[in-house]
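Asks: So the chains spell out like this:
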Amino acid sequence: MTITMSQVGGIVRRKEDPALIQGRGVYVDDIKLNGELTVAFVRSPFARARIRSVDTSAALAIPGVRAVYTIDDVRSLGPLLAQIPIGKLRPLLADGVVNHVGEAVAMVVAQDRYQAEDAAEAVLVEYDQLPASVGLKFSATDEVKIHDDLESNILHTWVSHDWWPGVFELEDYRPAIAAAKERDDVVIVSQEMVNQRLIPVAIEPRAVLADWSHGYDRVTLYTSSQIPHAVSGAIAKTFGLPVNAVHVIAPEVGGGFGCKLNVYPDEILVCFASHQLEAPVRWTETRREAGYSTIHGRGWIGTATITGTKDGEILGYELDAMADMGAYSQNLTVAIPVLGLYAASGQYNIPVEWTVKCVTTNTQTTDAYRGAGRPEAAYYLERAIDMYAAEIGMHPGDVRKKNYFKKEDFPATTPIGLTMDSGDYITTLDKLLIDADYAGLKEMQAQARSEGRYIGVGLSSYVEVCGFGPSILAEFGFGWDGYGLPTSFSGSGLVRINPDGSATVFIGTGPSGQGHETTWAQIVSDRLGIGMERIRVAHGDTSDAPYGIGTFGSRSAAVDGTATYEAAEKVRSKAADLVAHMLEASAEDIRFADGGAHVVGAPGHTVTWAEIAEVAYKPHKGPEGIEAGLEAHAMFSPGNATWPFGSNIAVVEVDVETGNVDILRYVAMDDCGNVINPMIVDGQLHGGIAQGIGQALFEEAVYDPDGNLLSTSLVDYPLPTATDLPMFELDRTVTLTDVNPLGVKGIGEAGTVGSAQTIVNAVVDALAPLGVKHIDMPLRPKKVWQAIQDAQEA
Amino acid sequence: MYPRQFEYVAAGSIEEAVGVLAANPGAKVMSGGMSLIPMMKLRLLSPETVVDIGRVSGLDAIEDKGDYISVGALVRHGAVATSAVIGEHATALGQAASWTGDPQVRNRGTLCGALAHADLAADTPAAALALGMTMVAQGPNGTREIAASDFFVDSLMSALSPDEILVEARIPKRGGGSAYDKLGRRGGHSDYAVAGVASWVAMSDGVVTDCAIGITGVGTKPTLAVGAMEALRGQGPDGIAAAADRALEGITVLEDLYGSEAYKAHLAKVYTRRSLEQAVAAAS
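Here the protein sequences line up with chains A and B, keeping their order. Under our numbering, residues 1 to 794 are what the first sequence spells out, in order. Under our numbering, residues 1 to 284 are what the second sequence spells out, in order.
In case anyone wonders, no lab produced these hints; they're calculated from the structure. Note that CB positions come from ideal geometry on N, CA and C, so glycine has one too. Each hint should be verified, as a subset may be incorrect.
To give a feel for the contact side, a few chain A residues facing chain B, derived at Cβ under 7 Å [to be verified]:
#1 T286
#2 E653
#3 E657
#4 T658
#5 F698
Given the sequences, and given the hints that come with them, work out the whole structure.
Replies: Now the structure itself:
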């Protein structure tokens, strides 16, 4: 028998990859049930309209069509549930009005998808088109007020010094910043910037399959979700069931990025239809539909202002922004800017004043997309600091260092009252500057400029906020109370030694590409000495997984990983008693390694895990009075978030004749604390950086003024591919956290949080001699070229 | 992404396929399916009959016929991109094929299919124009030859009749040098052309004796830049810039998500100049 031992920190090939890369992974659409029916949706062609009538008769006459449902059939179920009920909640199907293009008006259920699509075309909907409110600035005027029952299109305004009244008493920095602006020795830089709306494009679109069992009063829903437990709660609450009557299974999930951190109407509607029609009911999103039926991300416009001295001391940072909520509020919609607020001050010990208005528009709902507020926060702050450094003629690294929290400041309190666990920002930046040879790059840039080439070097820093805690912070609206599951940020893990000595690890969080099956096996293997081949990690099935809030916020390893570590410790403790009995030694002297256990100092004196398991399951062979079996469950409630950080450098060359941007190098120095599997951490960074570069250069969800989404296919929504990206140069520092015993922080979103502004800083640096000070993303060649033309004219 | 119902016919010969087209108005020919299938899945196009010529034998060869190179109807982009004979005599076409789509598309999609599809931002039509290629169409009454300059009629519209199939594309071996250059939608050469220009030049004693320039991505269809061609003939390499300034004569520039009219007009001139410079270098 091969025994692959893993030490935490070792490169271990991913256990899940043989299935995934050979096309043998099982996703929702791979699961087939007998007698399945399939759904197609009738979608609105208008951004805002009154529905005069819906005629389903022609659709119902099409062979194979079993039902066509409208809001009249499902109104009693109420709207889609959300955590923070600010704004208009989404009806399960359009209720009298439509408020964005692609909003589902009716649901057709047929024997196959082709019939269903034909029938959807045959549903006749009469609309009275209404003026639409699209674009943040326009919508904020309330010239076209979208929802009759709301006072304003501005749903809420988050103000940093008053973001959670009654819980945080915070300093209002406005008077101090205003006073600073009056000083003679200050420089003020201010720039309006767009952080554009994005469409999260998971390779696997969302897919659902419901099977309502009347015999057992229970519904099973297969769904491509990051939060299966939360989905079970939402369905239970919607249908008035106990949560144990709702069995949700998220099998393989082909990418999430936050867009599957939501409960969607289709998840409820297929359960409803399955109940009505007494058959399994399926719907799989098409790529084109995804732009209409899955949340979007970002969508901010804001003015960032830095007030600072001429020698680089920042006296105040202000952001006055608006964030596009879309038409309806879903899970966390209005709360997303708060997650940005968490990271508003970045790595800096500076006064911050943030105001973000949440504005509803006749567009698809926005919600969490990889980083969820933090990429926006990092973008505005780091672009502004670069402009400030350029304005005062100071090295962008020196400006940053001058204003960083210093190593000795930790734990450090941010301007909004949160405590950052640990950081050593200067060390990390210095290492990056050396790794990338920043000084050499600037020399190369100067040389290139003398030859008429425009090379730019961009630098930026970031903090991440991962694995949220403490528990009370969930009361803000980050528990799943809205889904009927009053919980907090705790994670869970259950380690079971089976009678044959293999281990099954049940976790409350599941992968959508992050490699949980490998990382968790490493944690358990490391504690118990069980070979990687003998550990199976089970996830995503609410009937056997311990309760878990899901995979998001770069939290899995730091929280559920820690819970699993603690569960493994409990197992280890009991197993030590068993082995002590078997080997007639003291429990303190038992060590676990190489597929079994031995007495310290006596490596030949060993037992295998199969032998330990036999004793565990045959209590008469064990110590007197010991409970049979060998498994443990643990929940871990983090006392704080973890705060990974890092700095990135990008080197770009701009073809000033065409505006084309070529990335020559991308160097990242990240610090996520302890690393469980370096290869997986690097993989997370690769994907994250690619997504940040995607925002910087390519991606944009474009709505025309009438609210038509112009970028619904990948022809019109260009994604970065491997051929568009340089080889990333990754390195790291390790600053431990005491928030969890593993010392891990989180890495899922860091690449995305850190990269977009690095690229934009580089491009602006390249074009500085031409007078370009800012270009809004995406930096498609046309915009870069136009910015050069505009700067030359000015 | 679910097409309406259609009849599928796997033709055993071109004659059979033409017969099906003639008998079923609105029927469409499929070779690699890289354009037709997505349009059907989006329900932008719903033919009642699809005639698949993918199983017809003998259509997948690139052959040197002496004074021209023959490219059969089922020759894939990938084969064009890696063909030595095309690389030598029709560099612009090889480059255009290599920057079409991604490896999956290049391994399924065909040159003749892409030409017949006549997308206004496809790469290979620009090369077909610059290289003076000839299209061989087969219909109920036999075959006829169509010059590339007459082939691209409008956006997504070629000179083929509904009952004709593009069975071969011929590249004349007329010496000189050629090149294709473009800016793609994801920058560099990635993705559809925001602007793409193929140039062919024949040189003698440092003077351009003849030339042709095909522009794609900018206007309503792939178009010959006749003004620039006229300006360059009889000029040396220092006449390239002035010729490129006339690149847009006869072209109506279309704005899209990737460029304003002014920007795309500018790009057409830039890439005309760049591709001419490369073609002249190759010819010299």
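Asks: For each hint given before, does the structure comply? Return the numbers of the non-compliant ones in rising order.
Replies: 2
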